[in-house]
Structures are given as C-alpha cells and as structure tokens.
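Once you've looked at the hints, dock chain V against the given chain P.
Chains P and V, in that order, are what the protein sequence lines are.
The numbering used here puts the first sequence at residues 450 to 1034.
The numbering used here puts the second sequence at residues 36 to 151.
Hint data in this document are derived by calculation from the structure and do not stem from the laboratory.
On a predicted model such as this, the values are computed, not experimentally measured, just so you know.
Note that beta-carbon positions come from the ideal geometry of N, C-alpha and C, so glycine has one too.
There's no promise every hint is true.
Once the Cα atoms are required to be at most 25 Å apart in a straight line, the calculated SDA-like pairs of lysine to any residue come out as [to be verified]:
| id | chain 1 | residue 1 | chain 2 | residue 2 |
| --- | --- | --- | --- | --- |
| 1 | V | Lys49 | V | Leu127 |
| 2 | P | Lys808 | V | Thr109 |
| 3 | V | Lys94 | P | Thr799 |
| 4 | V | Lys126 | V | Glu103 |
| 5 | V | Lys94 | P | Met624 |
| 6 | V | Lys43 | V | Glu116 |
| 7 | V | Lys49 | V | Asp78 |
| 8 | V | Lys94 | P | Ala801 |
| 9 | P | Lys492 | P | Arg830 |
| 10 | V | Lys94 | P | Arg608 |
| 11 | V | Lys124 | V | Ser143 |
| 12 | P | Lys605 | V | Pro137 |
| 13 | P | Lys605 | V | Val104 |
| 14 | P | Lys605 | V | Asn91 |
With beta-carbon atoms standing in for the labels, derived distance ranges [said to hold, decoys possible]:
| id | chain 1 | residue 1 | chain 2 | residue 2 | range |
| --- | --- | --- | --- | --- | --- |
| 15 | P | Leu1021 | V | Lys126 | 46 to 52 Å |
| 16 | V | Lys124 | P | Leu1021 | 50 to 56 Å |
| 17 | P | Gly905 | V | His113 | 29 to 35 Å |
| 18 | P | Thr928 | V | Lys124 | 53 to 59 Å |
| 19 | P | His783 | V | Asn144 | 51 to 57 Å |
| 20 | V | Pro62 | P | Gly905 | 30 to 36 Å |
| 21 | V | Lys126 | P | Ser880 | 35 to 41 Å |
| 22 | V | His76 | P | Glu930 | 27 to 33 Å |
| 23 | P | His944 | V | Ser143 | 34 to 40 Å |
| 24 | V | Met36 | P | His944 | 36 to 42 Å |
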Amino acid sequence: MLRKSLPLRSSLCETEPMIELETDVLVVGSGGAGMYAAIEAAKHGASVILADRSLIGRGGATVMAMMTVAAAIGAQTPDSWENHFADTLAAGHGLCDESLAAILCEDGPKRILEMDSWKVGWAREDGHIKQAHAPGHDRPRCVYVDFLSTGPAVSKTLRHQLQGASGVRRVGDLMIVDIAVADRVACGATAIHLPTGEAVTLKAKSVVIATGGLTRLYRRNSASLNMSGDGYALALRAGAQLIDMEFVQFFPIGHLAPRLVGMDPIMWDPFRYKLGGVLLNGEMQEFEQRYVAEDSRNDGRYVLTRDLATYAIMKEVEAGRGSPAGGAYLSFQHVPETELRRAFGPVIDTLAQNGIDLKERPVEVAPIAHYHMGGIKVDTRFESAVLNLFACGEAVGGANGSNRLSGNAITEALVFGARAGQSAAEAARQSNRQRASEKAFAPALDLLARRRPSNGINPAEAIVELQALMMDKVGPFRTQEKLDSAIADIAQLTHAIGNDPFAAGVPFDSELVDWLDLRNMTQVAMSVTLAAHARQESRGSHQREDFPGLDPAWEFNQMIDYRDSRIALSRLPVQTARRRASVPA
Amino acid sequence: MTATLAIKRESPGKPAKVERFDVPFVPGQSVLDGLRYIRAHTDPTLAFRFSCINANACKECMMLIDSEVAYACTTRLHEGEMTLAPLPKKKLVNDLVTEIAPPDERLSNIRPSTTR
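Only chain P is shown next, with the shape it has when bound in the complex:
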C-alpha cells in the first residue's frame, strides 16, 4: 500500500516504512510567523526544520493578506508604541492579554523596519514610508505594499531570507499529526509525508506551532486550506491550554457575487478606505445610518465597526432586504474611472477578467470568517503550558482580546514569530539532549498504522457539513438554542468519523488528509462552541442575540483544556500589565 522510496534512515516500526529526522528546533507552519521564527531561531544558533503541509511560504494566511500592517514607526505622523497599544486594548474590549499586546506594539516598528531593510517594498510617499489611517487607529499607522500586495511581498521577502539562512532545512508536503511529548515536555512531532504516505518522526529539543487560525471551520471564509485550526488541536492534545476560543472575527464585506477568482475575498476594504463605497440593501437603499443611529459603538470615521456592519447586513437579509445572493450591494458607481485606475491599477483588469465593472454595477458582499482572536495560551516567552512547546502568529490567543484591531495580524505574525523563534532556540540550547523516545511517537504512529478504507463517510463531504453548521449555528450571531444544536451536531460528527483514519492508500491521499483535518476541526469546533455557549454576554466579535450588550461581570478569559478525551472550560482573570514589555529582544 505504501511505497518506500526515500534514501533515509531505517524504521523503528516493522509494518510501516518510516523516516526519522532530528533537529534543535522544529517550526510547524511556514506563513509569516513560522518563517520569522525559523530565521530568528537559526540566527540564535539553533538548527531548524521548518515544516509545512503545503509548499514552504505559499500556504497559510500571510500570503493572502492584501491589506495593511500596523506599527508605530512614526513615518507619516509622530507616534509611539503606547498609542498603538491603547488602540489595541480598546478594540479588544477589556480582554486583551496586555503583556502580549504590549510586545506586539513595542516590537512592531523593529520588525517593520527590518522587513524594509530586506526590501519588502513598503509603499512610500515624499521619501518616507507611507502609513494609512485604518479603522480603530487614532492616527495613520498602517504600512502596505501596492497594489493589494502586502501578503505576497511579505512572504516573498521572508522566503528569500530563509534561503540565505544557514541551519534551516525547509520541508514541504509534510503534515504534522501530533506533537511528541515526554514527561510533559515537547520533544518533536510525528508527521506524514504526503507524496509517499510514509510516517515521519521528528526529534526536536523545542517545537514552535505557527499554523495560523481556524477560519476554514466556516462555510464562508477567507482562509486557505491549511487554516483548519491544526495548531490548536495539536496543542490541546499535547496538554497545552487554549484561550478566548469563542472570539472568531467576521469581516463584514467579504466578496459574495459575482464569482470572483484570483483575489482574496476581503479585498473590498482597501477600496472603501481609498475611494469610499456605498453599502445598499436589495432595494438599493443605504442602510448603515439606521444602525449607526441605533448603536453607539460606531467609531464615527468608518461609519460602522466590523461587528456592527456584520450585524447590519445580516439583519437586512433577515428582513428580506438582502441582495440576490444573500448579502448587500457595495457600490463604487459614484467614483470616476480615472480615480479607480489610479488607486488600484492592475487590480481593475483582474476585476474585468471576472466580469466586474465597478462603473456599471455594484458587487455583492456578505460577512465572512476572517481571523481568530483565540488560540494557544502562552507566556511572554511564547511558551505554552507544555514545556518547550511554543506558539506564534494567529495560533497564539489573547493579544487581541475579543476583537482584533485592523492591521495587527501581520504585525503579530512577524513580532511573535521572531520572539518565539528566539525562545525556542534558547530552550534548545538549555536542553543538552533529545528527549524523544519511541514511546513519545507511539500514539501517533499507532494512529497512522490504523489507516483503513472509509466506513462509507466521505470526509470531504463531512467537512462541508461541519462548515455549514458552524456558519449557521456558531456564526457571528449566536443563541443558546443554536449553540446547543451545534454541540450535538459536532459530537455526532466526531462519533461518525471514529478513531481510525480513513485512507485510500494512494500517494497524496486526500481521504487521509481530510480525515486528519476532521479530527482536528471537530475538536477545535467544539472548543469554539463550548466557549461561545458559556459566555452569556455580547462582547467584540462574540455576539449573543439572547444576551445583548457587554456585561462587566464577564470580564475574564475562558480557557480550554483537553482531559480524558473531553474538552473542559475554565476561567482566568485578564492578564494586565500596564508597563513596558519586559522581555528584551
């Protein structure tokens, strides 16, 4: 069934071909955070394996980012990291881990300027880096690469740096199945090599999870295939804790219709910043002002904050005033063609290839799962509750509280990536030996050895079902009834897929990959749903229709543990630290 084709070391296991690798630091995931972690760990003397289930530096969220990166570099207007910090905390509605938020804001400028020295190509104006004024910020703070090329430029720059970094081995098509743990210390991981189906054991003195978020759990998402919450599930099963899992950010004006390919569906936001853009309901009437009048949460600049705009669109659709595809119209018909071309250059041609002429007719938009505020609970060294297990980027929870400030996602990828890489190298230096034994890899190897044909369930179809139920029942607006129903549905799906992986026994086995994804996705979906069910208030991105409004009694974080194959909830006081970040870098 499996082919043994690789000239690598022999196997421990008699029944399955196996490959063994060894390194100081293992970084899982090669988006912006993982690549930065690998670069920094190597710079601090560690040997590194950077593994990704897709190609290196091509999957994940960073490469898809079209928009802006927030950092108080003060190029456009005087600024300091404390101003950025204040805006980040305000957006987080009282739940930010302030130590992590402070690190994000304080280290941001250093990373942005380092990227500049690596020739990422931040847009410039009058001889300085140009900074845009994004919603929620008190001043222009957000750098970007024209035209809508921020993510690809960041990814390309980091890939280039990696190629020149000594001591980093990059391995694509390698999907991590489980973290290896010995005596509550992370000591590597077990993986599957997708092109051959072979099991791979990776011995490592420390491990960094940089797998991004979970937005693929939702039917409408701006995610890549890799964003199934892999890292959250890996961390949970390894014994780490998750924090703030109920806070999934929906982006209100994700592209809906006509079908648009070749672009990130959240692309309309920069169009709105630069050119304005009018939201209309199915009756071609403006409706934002009605909701602004009803709610004091709008920030007065961008008319509606993300959560309120999401609410307004969904309520219009519910009232039968949606656009034909079930969203709202977004119109740029008032903008002169020369202005469109000046602001977005070649992007206008890509739109034309999709049959979209912004002068002719409006597009349709609707809320779309975009980012996850929650994630792995770490300390200021980015270490989880499991020793030598680190996390960075969107995989980390807490820094953004209940709602992320726009522009903070790439900043946190770069800043947390660098910090986690440094910490992991330090941890590896202090471990004088590899702890991993056969025992640490045995559970995951045993899982892979139980591969068998499907019991009749199509795992790809089951993923579509899970995405539908999460969108409909654990979406932007939640009720006890819907959440109860979701808990039952997820439990049923978990039971249906069982404990033995489905596999077709072919190279690049899509059934096996989908089953392994479902294993992770059901655990992560349950974590989100249980936390959302427990939080009986509305705060930031978590909106309960049966508990409207923020309740000061709920100003604490919720934690998730995995014990005895069950997901358990607990509470944690908010981590406050109104002082400078204390960790030198």
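Same frame as chain P, now just chain V:
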C-alpha cells in the same frame, strides 16, 4: 449548467486512465471549484493540489487544462468537456498532483540530522 471534467488519473506503477465527472456550476466558477465539488460529492480520493482556494496566491493548483498549462483557480468552468491532466514535465505523484516543490524543500533531499 454542467461541465464534464475528463481527468487523466495515473499513479506510479498503475496505468493511466481518463475518468469523466459531471460538475454543475454557475457562470464564473473555477475549475478548482469543480474539482472540490467532485471530492465532496463524487470521489473523495481524487488527488489535486491547492492551498489558497481561488485567491491565486499559493500557485499550487497548476495543471494542464485543455492542453495548456494553467491555474485551476483562475480558469473558468464552461459547458461541455474540459480535459485535465498533471503537469507533463514534473514528476508525477498521483492523479493531478506533481512534484512542484523546489528540490531543496523536498523530504527526499534533506539530511536526516544536523548539528551546529
């Protein structure tokens, strides 16, 4: 509307065959949308590469579409038959998947361990 995707399926050691799948679509949908439909509704074993899902950012879904090298995510479905095959000049892995990673990012090329 319906497109028929005639897909060349082959894996090392097995003879190539062409299988046809009917895919319903609305205008504007991509070949990648069609492939994902087949995986979820008809044949969960169909192997093809993609990561970013139609944003054309990851560049993984390159294949031969109607004999031209193209991205599945930016090529539109159309009525009638469309032929899909793996990239001809790359080593075949399975179905539409070929070895496209740079050589130094492949498991077969990396050293089992390093010390610094």
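Verification of the supplied hints:
no., hint, verdict
1, V:Lys49 to V:Leu127, "12 Å, holds"
2, P:Lys808 to V:Thr109, "23 Å, holds"
3, V:Lys94 to P:Thr799, "16 Å, holds"
4, V:Lys126 to V:Glu103, "18 Å, holds"
5, V:Lys94 to P:Met624, "19 Å, holds"
6, V:Lys43 to V:Glu116, "13 Å, holds"
7, V:Lys49 to V:Asp78, "18 Å, holds"
8, V:Lys94 to P:Ala801, "21 Å, holds"
9, P:Lys492 to P:Arg830, "17 Å, holds"
10, V:Lys94 to P:Arg608, "15 Å, holds"
11, V:Lys124 to V:Ser143, "19 Å, holds"
12, P:Lys605 to V:Pro137, "14 Å, holds"
13, P:Lys605 to V:Val104, "23 Å, holds"
14, P:Lys605 to V:Asn91, "15 Å, holds"
15, P:Leu1021 to V:Lys126: 46 to 52 Å, "50 Å, holds"
16, V:Lys124 to P:Leu1021: 50 to 56 Å, "55 Å, holds"
17, P:Gly905 to V:His113: 29 to 35 Å, "34 Å, holds"
18, P:Thr928 to V:Lys124: 53 to 59 Å, "55 Å, holds"
19, P:His783 to V:Asn144: 51 to 57 Å, "55 Å, holds"
20, V:Pro62 to P:Gly905: 30 to 36 Å, "34 Å, holds"
21, V:Lys126 to P:Ser880: 35 to 41 Å, "38 Å, holds"
22, V:His76 to P:Glu930: 27 to 33 Å, "30 Å, holds"
23, P:His944 to V:Ser143: 34 to 40 Å, "38 Å, holds"
24, V:Met36 to P:His944: 36 to 42 Å, "38 Å, holds"
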